[in-house]
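These are the residues of each chain, in order.
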Amino acid sequence: MLQPEGQPVHELSLCDAIVGTTMKHADGRAVQQVTVRIGHLRQVVPDALQFGWELLTESTDLKGAELVIEQVPATVACLECTAETTLDMPILVCGVCGSFDVRLLTGEEFLIVSMDVAEV
Amino acid sequence: MGRIHLHEDGTAAFHDHDDEDDFEHDHDHKHAHAVGDHSGYAETGTTRVTILENLLSENDRVADANGRDLTAAGIRAVNLMSSPGAGKTTLLKHTLARLGGTVRIGILEGDIATTLDADELEGAGARAISVVNTSAGFGGECHLDAVMVRSGLSRLPLDELELLIIENVGNLVCPAEFRVGEEARAMVYAITEGEEKPLKYPVMFRAAEVVVVNKMDLLPHLDFDLDTFLSNLKSVNPSAQVIQASARTGAGVDEWCSWLTR
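Residue numbers (the working numbering), protein chains in the order written: chain A, 1 to 120; chain B, 1 to 262.
Only chain A is shown next, with the shape it has when bound in the complex (with noise of 0.2 Å):
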């Protein structure tokens, strides 16, 4: 896994964006779940965001709303030898070859995919 020391004010600042969000979205409707994806290249630790998650959405209409994590592993495209590899450590390289020269294929990602709503 990627998941360096992270800080926790850095997962408080991406809930506030996700509730910001989140609330546009929802207009004043009843939100039961949220669905982020994030890929392991972002320094983001899960329990880190569902605990600011749940903080600072406490005093807000989203209290009580789930906060769904989906990872993404980081994968990269070899140029040499056209080998795909799921990395486990945040080094750009070709598992079969060796090769620095890769193309990154997933592991960025940073969305909110979907969100939940009771229906009226």
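Treat the hints as calculated values from the structure; they're not laboratory data. Some hints could be false.
[Stated by the list, open to error] Okay, the calculated bits of chain B under chain A, using three or more residues with CB under 8 Å as the criterion:
1. 45 to 52
2. 251 to 261
[To be verified] A few chain B residues facing chain A, derived, Cβ under 7 Å:
3. 55
4. 67
5. 173
6. 224
7. 228
8. 236
For clarity, every value in this text was computed on a predicted model and none was experimentally measured. The beta-carbon is built from N, C-alpha and C at its ideal position, and this holds for glycine as well.
Given the coordinates of chain A, work out where chain B should sit on it, guided by the hints.
For chain B alone, coordinates are given in the frame of chain A:
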């Protein structure tokens, strides 16, 4: 900022929506779902609304506005990042001493609290210094975001400047995620921080166009292995320019200044 919009054939497109409300749609299934998305409906009585918006899109929108203002004023803006104590402020003092007479430089100083860094730079050769204390936000932010920089820019005489150096809050994690409208990102790294940090904090090392490897004058006194560090750096950011420097002795400052003003 553009939004990712998925079409039925699975292709994604970016659109700039000023009329944001148009984008959101409850599921009438005109749009295909993203990989990993599910049925479109959750439990009974619940509707899944696709958002697919970058988490930092609000920040990036303001960053783009900052970037446009800076470009319009003909200013090259550099976002300078490092951990606390790596030597950003000392490097800036040398930078102002070298360039202050010929280049009109503004400094935007980000700090969680105090004006100590700005005080140290006062009179060193900058045209203007703007201080942004991030503690005005939620609990003392660990980074500058685009909105904070926008407020800092409003206190600077942009039409008098050619170069803006944004000294970010000392932190190896957070500043890297938040674009603020800069043209380029630079990083100061002190060799006292050890060889392994590029592997532990890849986001920042990947974001930097140039890495000033600072405190090189201490090399004989440390167990720091320069080759290992450089190879770690290369493995996360193959294209980073490396400048070996000592902000204390002034070594490497010329090379740094020529990168800054290129």
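Evaluated hints:
no.: 1; hint: 45 to 52; in the structure: holds (count 8)
no.: 2; hint: 251 to 261; in the structure: violated (count 0)
no.: 3; hint: 55; in the structure: holds (5 Å)
no.: 4; hint: 67; in the structure: violated (19 Å)
no.: 5; hint: 173; in the structure: holds (5 Å)
no.: 6; hint: 224; in the structure: violated (20 Å)
no.: 7; hint: 228; in the structure: violated (13 Å)
no.: 8; hint: 236; in the structure: holds (6 Å)
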